[in-house]
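Engineer: Here is how the chains run, residue by residue.
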Amino acid sequence: MISASQSTDHFQNIRRLSYSNPQSFSEHRNEKQPYERKSVTTNKFLIPKPITYLKETFEGIPNLYSLENLNVQSTDIIDYTLETIVKARFASIDPKQLPEIKRYLSKMETLDNYNPINLLFMLRKTNNYLRDTVQDRKGIVIEIKYFLDEEDDNLDGISIDIYLRVKDAKKLSDVWGYLNENIGSEESGGERIFFNVREKM
Amino acid sequence: MKPNTLRKLSSQFVSMSHGISDNDLKEGLFRASIDKSYYYAFLVIREAMTAIGINITKTQNAHSQVIEKLKELNGPLAVAYSRELKSLRDQRNDAIYNLSKKIDETDANTLILEASGLLEKLAKNKSIGAEILNYI
Numbered sequence: 001m002i003s004a005s006q007s008t009d010h011f012q013n014i015r016r017l018s019y020s021n022p023q024s025f026s027e028h029r030n031e032k033q034p035y036e037r038k039s040v041t042t043n044k045f046l047i048p049k050p051i052t053y054l055k056e057t058f059e060g061i062p063n064l065y066s067l068e069n070l071n072v073q074s075t076d077i078i079d080y081t082l083e084t085i086v087k088a089r090f091a092s093i094d095p096k097q098l099p100e101i102k103r104y105l106s107k108m109e110t111l112d113n114y115n116p117i118n119l120l121f122m123l124r125k126t127n128n129y130l131r132d133t134v135q136d137r138k139g140i141v142i143e144i145k146y147f148l149d150e151e152d153d154n155l156d157g158i159s160i161d162i163y164l165r166v167k168d169a170k171k172l173s174d175v176w177g178y179l180n181e182n183i184g185s186e187e188s189g190g191e192r193i194f195f196n197v198r199e200k201m
Numbered sequence: 202m203k204p205n206t207l208r209k210l211s212s213q214f215v216s217m218s219h220g221i222s223d224n225d226l227k228e229g230l231f232r233a234s235i236d237k238s239y240y241y242a243f244l245v246i247r248e249a250m251t252a253i254g255i256n257i258t259k260t261q262n263a264h265s266q267v268i269e270k271l272k273e274l275n276g277p278l279a280v281a282y283s284r285e286l287k288s289l290r291d292q293r294n295d296a297i298y299n300l301s302k303k304i305d306e307t308d309a310n311t312l313i314l315e316a317s318g319l320l321e322k323l324a325k326n327k328s329i330g331a332e333i334l335n336y337i
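Heads up: the sequence lines are chains A and B, in that order.
In terms of the working numbering, the first sequence opens at residue 1 and continues consecutively.
In terms of the working numbering, the second sequence opens at residue 202 and continues consecutively.
For the record, the hints were derived by calculation from the structure and aren't laboratory data.
The beta carbon of each residue, even a glycine, is placed where N, CA and C say it ideally should be.
Heads up, a few of these hints could be off.
Claimed, not checked - Which bits of chain B does chain A cover? Going by a derived footprint, with three or more residues having C-beta under 8 Å, they are: (1) 269-282; (2) 286-292; (3) 301-311.
Same shape as in the complex, but just chain A (with noise of 0.2 Å):
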């Protein structure tokens, strides 16, 4: 297997993405010179500014507590989280993927004890963390499907499809590792939840 530093000797124009996490990259980017740090921020993305009323960290917000204080019904939460995520530009979502994904977020629910309002919560993560690494930011394309499995019909659930403008396979298996171990995997009922991460076409 290639490591990551032979890897990043042959693809120093991209070596962010080699940076084991957003804090690092982070630390890296601040010993820059002030004209290189420009060139990164004036970037456009395409992620707006996060919600300001959620200032949580991610770290899973428990069942009961969260529907209480929001005092609305569990679908009324389905609905408002996908709402948020599509207005907040976190993800998109076919409309015809709407209601199966829909539904199974009302299974994790009802299963799982699982806050819908966590997958709006992953998806900021999943924004912030792609923001700080991924150099060509304005090829991301981030989309929530519904997956079901077509020999295995115990096999399903959501997958968040991640598209990047990198041909590197070795980037892109290290950015859908980070992912898939670092971000929504502690709430009950994550695990429901992957990520994909493919080459932009």
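Since the structure of chain A is provided, determine the placement of chain B on it from the hints.
Structural biologist: For chain B alone, kept in the frame of chain A given last:
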């Protein structure tokens, strides 16, 4: 046959594509490579689970069973193992069934690295790592 034959096959399919000019045939090889990469990961994990006493069905539901059982392994990455194998399965299904989706060499190479990466992480797991090493 040992599961790691599938790993070799997945790489071989990508190499074979370099000597072919027919684009459909090339894409077919990339799709076949992705299929083998998933099955390499799945079969290594299934064999290792069976070796440590986890009973896996021989029916088509073995895939969901293995993915579910991964979550029950000890260690902080257990859930990540499960999500990653599920992602490999999803990508394999796209390669096999979704004919309208374009699949290229980067996709095939990414799956090879993702499958190997998952197994390398599992090889460090206290519950199943020793058995994983027997098959990779």
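Engineer: Decide, hint by hint, whether the structure agrees.
Structural biologist: Each hint, compared with the structure:
1. 269-282: That given contact holds, which follows from 4 residues of the stretch 269-282 of chain B lying within Cβ reach (below 8 Å) of chain A.
2. 286-292: Satisfied; 5 residues make the cut.
3. 301-311: Satisfied; 6 residues make the cut.
Against the hints set out earlier in the document, no violation occurs for any number.
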